[in-house]
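S.K.: Work the whole structure out from these sequences, hints included.
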Amino acid sequence: MQEFSRRNFIKVVGAGSAVALTGIGCAPQKTRNNGKAHVVVVGGGSGGATAAKYLKKYSPDVEVTLVEPSATYYTCYGSNWVLGGIVDMDFIEQTYGALESRHGVKVVQDRVTAVDAEDRSVRLGNGDTLRYDRLVMSPGIDFRYDAVDGISEDDAERIPHAWKAGDQTRILRQQLEEMPNGGTFVMVAPPNPFRCPPGPYERVSLIANYFKQEKPRSKIIILDAKDGFSKQGLFEEGWEQEYGDMIEWRAASDGGLVEAVDVRNMTAIADAGFEEVQADVMNFIPRQHANRIAHDAGLTNGEGWCPVHQDTFRSEMDDNIYVLGDASVAGAMPKSGHSANTQGKVVAAAIAHELTDREPVSPTAVNTCYSLVTPDYGISVAAVYRFKDGEMQGVEGAGGLSPTGADSRTREQEAQYTRGWYAGITADIWG
Amino acid sequence: MKKSRLTFAGLVGAVALTVPFAQASADDEITRGQLMADTCINCHSAASAEAGGAPDLSRYPSDLIVSQMKAFRDGDRPATVMDRHASGYTDEEIEAMAAYFGQ
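Residue numbers (our numbering), protein chains in the order written: chain A, 209 to 639; chain B, 103 to 205.
No lab work stands behind these hints: they were computed from the structure. You can take every hint at face value.
Quick look at which bits of chain B chain A covers, simulated, 3 or more residues with Cβ under 8 Å:
1. 134-141
2. 144-150
3. 153-161
4. 174-186
Ideal Cβ placement from N, Cα and C applies to all residues, glycine included.
M.R.: Given below as structure tokens:
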């Protein structure tokens with residue numbers, strides 16, 4: 209008879225009678241397949257791919273299956289560089305070969321159509337069922353077109369959002385290339401919270417850079433659902449210096465809040481109908497919430513995002529499910545690729561420790577969001593996070609923005625670090 | 103090298119204090135120092151260094167990481183972003199993550 213440590217007990221009981229354990233206290237079940245845990249990760253973006261890779265690193269014995277519908281993933285970060293003509297689409301293309309061959313992650317190219325939390329299984333588009341001991345959800349966002357009249361997801365070819373990179377990025381780039389010199393590009397920017405807070409403003413920066421070179425008589429108008437935005441002082445300083453009066457930003461309270469879009473006439477209607485802005489190219493970035501699979505799985509709150517215990521990113525709704533990345537409510541952490549990447553490591557460590565019955569390691573997380581104002585002009589916001597009073601909070605005295613009024617050498621250095629950041633983080637996630 | 107090794111030995115002691123000793127099995131324990139160090143390498147790997155970005159910390163001795171992080175934090179070394187990161191860590195945390203890199 210073998211000795212019964214608590215760890216062995218769980219393995220043995222898990223193998224013999226999975227149901228029995230749920231009756232013991234309220235601790236979630238560990239494993240049920242001969243003690244070898246199976247973790248299913250939903251979503252191969254920055255959060256999911258990091259969690260999968262680091263789970264294998266921290267816990268090589270755990271079986272990890274990553275479910276992602278696309279064979280190639282286009283990072284949302286860097287997609288503004290494509291729109292500005294600095295890089296081609298293949299620059300932001302990531303694949304899953306290294307996760308499989310180098311790190312031992314099983315990658316299934318399919319879509320999760322349903323989560324059965326009680327049965328601890330997910331159903332795939334091909335009809336298969338995958339059972340899990342722990343589920344990691346990193347499903348990203350979906351759009352809410354219901355806040356603005358006259359436009360729906362069906363209009364995304366004529367008026368792209370380009371806020372999930374890929375075909376949408378290509379469509380918007382092509383429209384910008386076809387736009388005549390002297391045309392007007394209108395961006396409708398979303399309300400908080402949304403994926404990549406500085407993203408819309410980097411986007412107009414790099415489109416302005418393209419216009420300045422190729423179509424200098426053109427105009428850019430941002431109609432914003434907000435009265436302020438990320439890195440605002442830095443962006444406005446850069447816009448004035450680099451692009452003069454090409455870019456006009458209208459705050460929500462100053463006629464920027466779009467209530468309807470006339471898709472046929474490419475016109476945004478704001479300010480109770482008093483303001484009509486016609487575009488040659490329009491980029492409508494809708495209000496956002498967690499991806500619908502998270503809603504269907506019952507993991508969202510009233511605002512449409514997924515509340516989690518922020519020290520581990522375990523769902524508040526289900527002890528066997530972890531949610532990270534843009535879909536999660538993560539305290540002070542922005543919805544960024546870097547946040548998702550660092551959360552992926554926190555989740556991987558939390559699951560690795562939990563499955564072997566050890567106390568979770570106190571989480572630590574960081575974020576650095578670089579933005580390009582021109583290809584040689586970079587700015588950043590950074591933060592270090594700790595779990596405090598129930599949520600991830602920025603460490604006081606740390607983090608913050610690049611300085612305003614910095615010299616061109618500093619901006620060039622940050623632009624160089626922006627490129628290094630992209631190479632580094634994508635290698636860390638998919639390499 | 104001798105100095106570096108001495109520093110390292112001291113740091114291992116510091117790290118051990120932060121985790122319950124009974125759990126510290128060598129092969130699969132994830133220490134806070136490791137988790138913190140793993141949040142550095144998305145910007146500080148061979149890939150980022152090759153692209154002209156931040157240096158590859160896996161090639162740095164731990165005492166150099168400690169001295170430079172403290173210099174960034176205390177304003178003794180100018181930086182674009184590392185001053186903003188380094189201010190987020192205590193001496194003990196800097197030493198714990200540097201110890202992991204120095205392994």
